[in-house]
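J.: Just need the whole structure built from these sequences, with the hints factored in.
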Amino acid sequence: MAAPVKSRPYRRILTSTLHRRFVHASAFVLLACYVISFCIGVKSSLFWSWFPLGPCGVRALLLFVSGLCVFILRVGQMHVGARIATSHFHNLRLAILSFNSLQTVVWYLFSAWWFSEVYKWSSSADAQLNWVNPGKSYERSHLNERPIYLHCFFIMLALVQSSMHLYFDMDEVPVPVAKRSSLTTSRRTHRLAPLSVQFSNIAPNIVFESAIIGFATAVIGPILYMLIFRRTAWSWTLYFAKLFWNFPRSAADPPGLLPPSNIMFHLRSAISGSLLVMLWQISNFLFSAFLGQVPLKKGKPLTHGAADPNGSLINGLKSKKETVLAFAFWELCLISQEFPDRRKEIFRDIDRSGGSAWSQILKASEGVLNGITSRIQEYQNPQPQAAGATDDPKEPGPKTQEMVQTLPRITQPSKNENILLASPKPNTRSEKFEAAFGPVAKSYGQSQDWTPAAKARARAAITHASNALLSPEQKRTISNSAQELKLLTSPPSASGPPNPIIQQFMKSPVGLPFRQSFANRLRGIVLDSPHSKIAPIIDATESLKCMLIASLEEDQFGKVQADVPSVVKLFTQTIMALESLVGKDGLKPHWSEVDSESLGGVQHSRSVEQVEIVIDALKNGLSELLAAFSLYLNEVGVVGQDLQLAREAAKITDV
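All residue numbers for the sequence shown refer to our numbering, where the first residue is 1 and numbers rise by one.
Please note that the accuracy of each hint is not assured.
[Stated by the list, open to error] Calculated pairs, DSS-like style, for lysine-lysine (alpha carbon to alpha carbon, straight line, at most 25 Å):
1) Lys344 - Lys6
2) Lys300 - Lys318
3) Lys321 - Lys363
4) Lys569 - Lys559
5) Lys559 - Lys588
6) Lys619 - Lys584
7) Lys318 - Lys297
8) Lys242 - Lys120
9) Lys507 - Lys363
10) Lys569 - Lys507
11) Lys559 - Lys318
12) Lys344 - Lys559
13) Lys298 - Lys344
14) Lys651 - Lys179
15) Lys344 - Lys318
16) Lys344 - Lys363
17) Lys318 - Lys6
18) Lys363 - Lys559
19) Lys363 - Lys619
20) Lys300 - Lys321
21) Lys320 - Lys363
22) Lys344 - Lys297
23) Lys569 - Lys179
[Stated by the list, open to error] With beta-carbon atoms standing in for the labels, derived distance ranges:
24) Phe38 - Gly305: 39 to 47 Å
25) Glu366 - Leu31: 43 to 51 Å
26) Pro509 - Leu31: 41 to 49 Å
27) Leu227 - Met264: 56 to 64 Å
Hints are computed from structural coordinates only; laboratory data are not their basis.
As the structure is a computational prediction, the values presented were derived from the model and not from experiment.
By construction, the Cβ of each residue, glycine as well, lies at the ideal position given by its N, Cα and C atoms.
T.: See below:
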């Protein structure tokens, strides 16, 4: 018997594909750097200003480092699925309180510094961007503030771009998901436009946004430079410049009260800043566009050329990495829709470690869909925080014993004898000491239990003291404050009228970042958080439906039809759970959503596009399954209450 072929991990197959796309995207970034190199270069010679083997080509290679910084950043923080936050403040907190924020700022700062050095080197002598002005023969050299301001200006651009990168989650590789329309014949769940069409659609926005950011920073830059950066940047530059030049003592402070105010200089800064932002935007777009392409290689699935295609695909479906998982389910969906040969291979692969290929694919897909139901149940039936400590009473024993053994013992261990028996006579000195002074020590601090009369006397004393010391207005204020504290610390599902002051604060523009919208909370429950899993959910639903329908003609062993009842039941339960959550008696609006009634009513506000896409995919899949197996429902076991519930969930009356 031949030894089983070892399957190649899906992560390695995907990495090699993404690496190839990375190289293709880098080539287009280099082309953008060549155009920018021509724009910032000196035009003294028409031929050498554009010739690739001259200064223009060298500048393009140097500028490519700035674009490559964005690619390196994106590779380290890439994820599939939009970031989900309950409010704008929550989104900002997720973006800032992470190592990714520091990494983003550092890479953009380095990219901006490198671009500024290349730009300064490429400028003509008329720009006066030398670090030191030598002065005349009878003058001493003095520090030039223009390059100092220029570097600070590019630092401001880097901070602006990194803030936008974090807030708008530019690390996402978008995989669009849309409702299936009768106007299109494509069966694919993720319909992508060609790269040329995508670039032509987004190019005007890139140019416009880059110009806005560059010129706006050029207007605000001198003010921020004078208030924040000027003295620090001047002292640092002077410290390093003194290593090579001699300066008078008067050079310790920047000259004058205002930074360089030449109009042409600021215009050049705005144009160069716009070009840098444009390079960043183009790099981000190309990275997302190329790496977010369909998981196909020469028209075939990525695992087509692997030694064990099914094993590699199953390995990806079981991955804990969200990017690998998303692409694996995307490939599975394409196989179930467009590649009958691969479907037949999956149906024939029944002798595999861990179960047949179909059973492992079914288990992985069920895990994705069951995640929706489990998250809904966790919301509807929240577990107390202390429950985790008492779930398994057998485990804390060894941990507690291990913890106690690491501490010095200051008392005798607790006795295991029957406490109702009479205490034995003390024998040792410590026992005699305890018997003599123990009752006296225990008597302090002991008091009688609270009786109704004692409680009434205490309540009367508190009421008398509050009437004597507090006015009615003060008592109402304290009562409202207690209610406000209870409201702020309550869970999101808690109901009750909020404090009028808090309500007015939430209605104001200042309270807008703290509002927890119904749509965001619903997406977080259904699609998971912090990153949406809508793509694997849709792909898993479509894959199960297509594979089961195709098994009617392609499954030569007839093993797959046995799982039709479980898939029908899975779809039915998921649809019912989603509809119960989206319905009027399901998820309640958060108390901070003060404008939920003013946006078209409760029914309109409960419709969330991405959740509706999931529900539609499940209903369409369930109805198509019932229609395809309509003649064999009794044989496969879809009968009785399961069939009735499935018809009700799919909103069909006749199958």
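J.: Now look at each hint and say whether the structure bears it out.
T.: Going through the hints against the structure:
Restraint check for lysine 344 and lysine 6: satisfied, since their Cα atoms lie roughly 21 Å apart, inside the 25 Å limit. In summary, the hint linking lysine 300 to lysine 318 is supported, as the alpha carbons are separated by about 22 Å, within the 25 Å threshold. Note on lysine 321 and lysine 363: the hinted pairing holds, with a Cα-Cα distance of about 17 Å set against a maximum of 25 Å. For the hint pairing lysine 569 with lysine 559, the CA-to-CA distance comes to about 18 Å; that is within 25 Å, so the pair holds.
A hinted pair counts as satisfied when its Cα atoms are at most 25 Å apart, and lysine 559 with lysine 588 does not qualify at roughly 44 Å. Proposed proximity of lysine 619 and lysine 584 is supported: the alpha carbons are some 20 Å apart, at most 25 Å. Restraint check for lysine 318 and lysine 297: the C-alpha separation of about 22 Å stays at or below 25 Å, so the hint holds. This hinted pair checks out: lysine 242 and lysine 120 have alpha carbons roughly 20 Å apart, not beyond 25 Å.
The suggested pairing of lysine 507 with lysine 363 is violated, with an alpha-carbon distance near 47 Å, which exceeds 25 Å. For a cut-off of 25 Å, the pair hint linking lysine 569 to lysine 507 is broken: about 44 Å separates their Cα positions. For the given pair, lysine 559 sits about 22 Å from lysine 318 by alpha-carbon distance, which is consistent with the 25 Å threshold. Restraint check: the Cα-Cα separation between lysine 344 and lysine 559 comes to about 12 Å, which is no more than 25 Å; the hinted pair holds.
The hinted pair formed by lysine 298 and lysine 344 meets the criterion: a straight-line CA distance of about 21 Å does not exceed 25 Å. Distance check on the hinted pair: lysine 651 and lysine 179 sit about 17 Å apart at the alpha-carbon level, within 25 Å; holds. Our distance criterion of 25 Å between C-alpha atoms is met by lysine 344 and lysine 318, whose separation comes to about 21 Å. For a cut-off of 25 Å, the pair hint linking lysine 344 to lysine 363 stands: about 19 Å separates their Cα positions.
For a cut-off of 25 Å, the pair hint linking lysine 318 to lysine 6 stands: about 16 Å separates their Cα positions. Only pairs whose Cα atoms come within 25 Å are accepted, and lysine 363 paired with lysine 559 is accepted, the gap being roughly 15 Å. As the CA atoms of lysine 363 and lysine 619 are separated by approximately 20 Å, the hinted pair is consistent with the 25 Å bound. For the suggested pair lysine 300 and lysine 321, the alpha carbons sit about 23 Å apart, so the restraint of at most 25 Å is met.
Among the hinted pairs, lysine 320 with lysine 363 is consistent with the structure: their alpha-carbon atoms are about 15 Å apart, no more than 25 Å. Between lysine 344 and lysine 297 the alpha-carbon distance is near 20 Å, which keeps this suggested pair within the 25 Å criterion. Among the hinted pairs, lysine 569 with lysine 179 is consistent with the structure: their alpha-carbon atoms are about 23 Å apart, no more than 25 Å. Checked against the hint of 39 to 47 Å, the pair phenylalanine 38 and glycine 305 passes, with Cβ atoms roughly 42 Å apart.
Here the CB-CB span from glutamate 366 to leucine 31 is close to 46 Å, well matched to the stated 43 to 51 Å. Look at proline 509 against leucine 31: about 43 Å separates their beta carbons, and that is inside 41 to 49 Å. Checking the proposed 56 to 64 Å range against leucine 227 and methionine 264 shows it is violated: the Cβ atoms sit about 24 Å from each other.
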